[in-house]
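Undergrad: So you can see what is in the structure, the chains are spelled out below.
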Amino acid sequence: SAVISQKPSRDICQRGTSLTIQCQVDSQVTMMFWYRQQPGQSLTLIATANQGSEATYESGFVIDKFPISRPNLTFSTLTVSNMSPEDSSIYLCSVPGPGAYEQYFGPGTRLTVT
Amino acid sequence: AQSVTQPDIHITVSEGASLELRCNYSYGATPYLFWYVQSPGQGLQLLLKYFSGDTLVQGIKGFEAEFKRSQSSFNLRKPSVHWSDAAEYFCAVGPPGGGFKTIFGAGTRLFVKA
Chain A
1 SAVISQKPSR DICQRGTSLT IQCQVDSQVT MMFWYRQQPG QSLTLIATAN QGSEATYESG
61 FVIDKFPISR PNLTFSTLTV SNMSPEDSSI YLCSVPGPGA YEQYFGPGTR LTVT
Chain B
1 AQSVTQPDIH ITVSEGASLE LRCNYSYGAT PYLFWYVQSP GQGLQLLLKY FSGDTLVQGI
61 KGFEAEFKRS QSSFNLRKPS VHWSDAAEYF CAVGPPGGGF KTIFGAGTRL FVKA
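So the sequences go chain by chain: A and B.
Counting from 1, one number per residue, gives the positions in the first sequence under the working numbering.
Counting from 1, one number per residue, gives the positions in the second sequence under the working numbering.
Hints were generated in silico from the structure; no laboratory data involved.
Source: prediction; values computed, not measured.
Careful, some of the hints might be misleading.
Residues from chain A shown here face chain B by an in silico Cβ test under 10 Å; the list is partial [unchecked claim]:
#: 1; residue: 18
#: 2; residue: 33
#: 3; residue: 99
#: 4; residue: 102
#: 5; residue: 106
With a straight-line Cα cutoff of 16 Å, these simulated EDC-like cross-link-like pairs (lysine to aspartate or glutamate) come out [to be verified]:
#: 6; chain 1: B; residue 1: 61; chain 2: B; residue 2: 8
#: 7; chain 1: B; residue 1: 101; chain 2: A; residue 2: 58
#: 8; chain 1: B; residue 1: 101; chain 2: A; residue 2: 102
#: 9; chain 1: A; residue 1: 7; chain 2: A; residue 2: 26
Where is the CB? At the ideal position from N, CA and C, for every residue including glycine.
Excised from the complex, chain A in its bound form (with noise of 0.2 Å):
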């Protein structure tokens, strides 16, 4: 099973400002997947990232409040722009899995806007 790591864990961060979450899987992946999970929510697609092409964004997501990179096939990055406490919740990458539409998490970043 490929296995992900994010940073930070976790991060307080002030209104305004903007933070960028790292996404490191151990294997090579065609896509990987951005979520939030808002506190008491269910998991929320954000967008899909692609290496080597822009990422494709949910609706009701934007590319200019949540920015996506995918320098290559191991690892991504969201920002989460211009905070607001609105975007307190925990975000998470996952990857492929090898059976049918399976998907790998990896452990979260909670953020806190305050």
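Start from chain A and add chain B according to the hints.
TA: The following block gives chain B in isolation, referenced to the frame of chain A:
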């Protein structure tokens, strides 16, 4: 609209007792179905999945789930719960025929008492 409902926000069971976590979905056709577990500070781990065939699916850690088309349900069960099973459990659906547009339920937090 496509959705996943986990009616129980949290459940408490005694160690050694049986467990059933409920999941209902709304989808135009039979989707791919998943159960994931999230332990504190960790990413989601796949417990089991269903996309065709036998409607009773065996997973890791002694879990099983049964797909019932007539009830649009995919309930997770375990005959004897261990203290280490305390975690959050997510039911999820993926589009029929495959794809990564996974929709997650809100999760059920399991507490295990000695």
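Undergrad: When the structure is checked against the list of hints, which entries are broken? Sort them ascending.
TA: Hint check: 1, 6 fail, others pass.
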